[in-house]
Amino acid sequence: MFTRNFRNICRRYSQSVTFRTTETSPVQQNDNQVGLFYTIEKDVCKKLFGHGGLPKSYMKQTKTFTETTLMIRQPALDVIDCIKASDLNKPAIRYVLYGETGTGKSLTLAHLIHYAHDAGFLIVHVPWVSEWLRRVPRHKEMSNSQTREGFVDLPLDAAAWLLHFKTQNQTLLKCGDLKISKDYVWSKREQTSAGAPLAELVEQGISRVKYACDVIDALVYEIKLLSNNKQCKTFVAVDGYNCFFYPMTRLNTPTKKKVKPEEVTLTTTFMELTKNDWTNGVIVLSVDQIAVPEDHQESYLPKYLLYKKGFEHLDPFVPVEVGRYSEKEFLSCASYYRDRLWLRGPEDLETELKLASACNPYKFMELCAPL
Amino acid sequence: MSVFIKYSKPGSLGAVFNVQVLWRFNSTTAESIRKEEDEEFRVLDILKKKDRQQKKQIRRADIQPDRADRMATDQNWGNVWPGPKTFHPSSVPLPIRQGYVPKGQAPPGKKANAELMKIPNFLHLTPPVIKTQCEAIKKYCTEWPKLLNSEETIEKHYPLEIISSDYCHASPTIRNPLARVVNLRIKLSSLNLDKRARDKFLRLIGDRYDEKTDLVTFIADRCPMRKQNLDYVNYLLTACYHESWSVEDWESEKTEEDMEYYDWNNNASKRSLVNWFLKCNNEEKELTDEEYKNFDISKIPNAEGYKNAVNSLMNDGECDATLKTYGSSVRKLLGLPEKKVT
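Protein sequences, first through last, are from chains A and B.
With this note's numbering, you'll find the first sequence wraps up at 371, consecutive numbering, no jumps.
With this note's numbering, you'll find the second sequence wraps up at 342, consecutive numbering, no jumps.
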């Protein structure tokens, strides 16, 4: 027992490269920690990403490693710097994360959400837009919108998202400072009156799934209003945002009519949220090649993925590229994998892996799996 | 083969082998064998190889040396080969070889070489001959205009280029179907077109315009004769030119989508920038399209760079460089720190 522990300790401390940092709050992180890993506490992780937000393959890995660690990388720090430097009283600034497949856009977004959580933002986070518009399980719940003519509701998805929103913002919602501004009448017997806390609105959506889409619509309206009145600051994060602009979704109405994304109520809601006509907000979006079907994956650049329409909707936005690992980041990641015993073997294995993976983080992870 | 025959007398005690006769079954006798050895062994020569080899060796002794070998090195070649004619090995003092090359050998020489006779030759068109011929016809030429002394002036006064090809080959007919093809080239800048007419002209001619060289090229090969094709390309140019100047009713319906290039002033990008600026200054205003178009962006700090960045992103296409300039100009516009270079 003792020898094994001793060996473990020896292994830990014999490595010359430091790859961990104890700075667990993204608010405090700075450029000195680029390339180092920090651990997200378990309860925070469960709170923020319990209902999605981290890629599946990464989730698997965190389970294997028994910890959720993120590498502190330049794009995330860059956005954090910008957020700190910007004046929140001005209209919300849009940041668009782009990059090749597997370079860590979603994880950068996760890092930023963690930052927003620590900095006390109200988080409006859509884990993966394609989940709504492109993934069609056998029983996809769809209905025609009651309030808006010609629109399609996705009540189950909407309710699931409300739950996600509720868990992410449980502390802010619990304190009850956030009140709604006007009466919402859902049906003859159900209504949410003005002055009720925001949590009540969310609860309404979760318990009465039928109205979930309308609740989100109202919620977004209220959040914008509250932010404008400086009662809260809001952090909007949408992963795979370009999916909203691909001309077709994979949804079919019961009459077998193809649904366009702008005919889905959730789309219009989040379009409204990503405009820059409100203040006290930060909007971080990611555009991803794999959010749209293969015929539109030729380039990873934002204008191509967003189409002209999306570009004009977001313009002016700050493009932030999430690139491949740099030399330092790669070494740090390799030593982290070695520490987790995910990677074993001779020292010169790294050079080979570096060439084989071309410093692409996802590929590197995949290549290390059988080693 | 030998056979031993046993001979015995009845009544005697034992068999006595006292007589042995050697018996030859062959019909030849010892005499005939000797005869064969004297004569030569005759081979049946069906292909008559021996005779043929002998035939080859027969040569004429009184053959003249080749004319090509006797030529003087300083002779006037124009006199030896004055006009176009089929190759003749004795008249050409050159070690020419042509034809199928067997492995490990040189190509066949010039003598009795059909390959050399098949191809057309230009031995009558050596540079000195051409020079003398040019000298001879010079007296019929007019002088080159002095003012057309550079490429630019030629291009200016004669913007139109007609390119056609003549073919010369040795075959029963002197006509080549490719000779009918006529190319017409003209610089687009040399045509008198305004902005609208230029756009229409470009749309009419489609892919016949090369942006890099600014050349418009019409190619005609639909008529059987060159003259007809020439008329046709001239007609095409004239028709396109005049058509691009005429304005149709439906042209007023051109929208932003149909624009040939991205004009930032007319686009949503300017609208969003102006909205953003007004919002920053807490001015809520509803502007009409005209007001958006004419909004003076010099009031907005760093807006000029942003405008140029969006223009280049839209017009030059999206790549890393244009996106980078766009990013940095947006950061300047919004007052954000520059991206750190790692």
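These are computed hints drawn from the structure, not numbers from a lab.
Ideal Cβ positions, reconstructed from N, Cα and C, are used throughout, including at glycine.
One or more hints might be untrue.
Derived list of chain B stretches under chain A, where covered just means 3 residues or more per stretch with a C-beta under 8 Å from a C-beta of chain A [as the list claims (entries may be wrong)]: (1) 107–121; (2) 208–222; (3) 268–276.
Below, in silico cross-link-like pairs of lysine to aspartate or glutamate (DMTMM-like), each with a Cα-Cα straight-line distance of 25 Å or less [as the list claims (entries may be wrong)]: (4) LYS285/B / GLU222/A; (5) LYS332/B / GLU222/A; (6) LYS309/A / GLU272/A; (7) LYS224/A / ASP87/A; (8) LYS84/A / ASP348/A; (9) LYS285/B / GLU272/A; (10) LYS90/A / GLU304/B; (11) LYS233/A / ASP295/A; (12) LYS260/A / GLU257/B.
The hints, checked one at a time:
| no. | hint | result |
| --- | --- | --- |
| 1 | 107–121 | violated (count 0) |
| 2 | 208–222 | violated (count 0) |
| 3 | 268–276 | holds (count 6) |
| 4 | LYS285/B / GLU222/A | holds, 23 Å |
| 5 | LYS332/B / GLU222/A | violated, 31 Å |
| 6 | LYS309/A / GLU272/A | holds, 14 Å |
| 7 | LYS224/A / ASP87/A | holds, 17 Å |
| 8 | LYS84/A / ASP348/A | violated, 41 Å |
| 9 | LYS285/B / GLU272/A | holds, 19 Å |
| 10 | LYS90/A / GLU304/B | holds, 20 Å |
| 11 | LYS233/A / ASP295/A | violated, 38 Å |
| 12 | LYS260/A / GLU257/B | holds, 21 Å |
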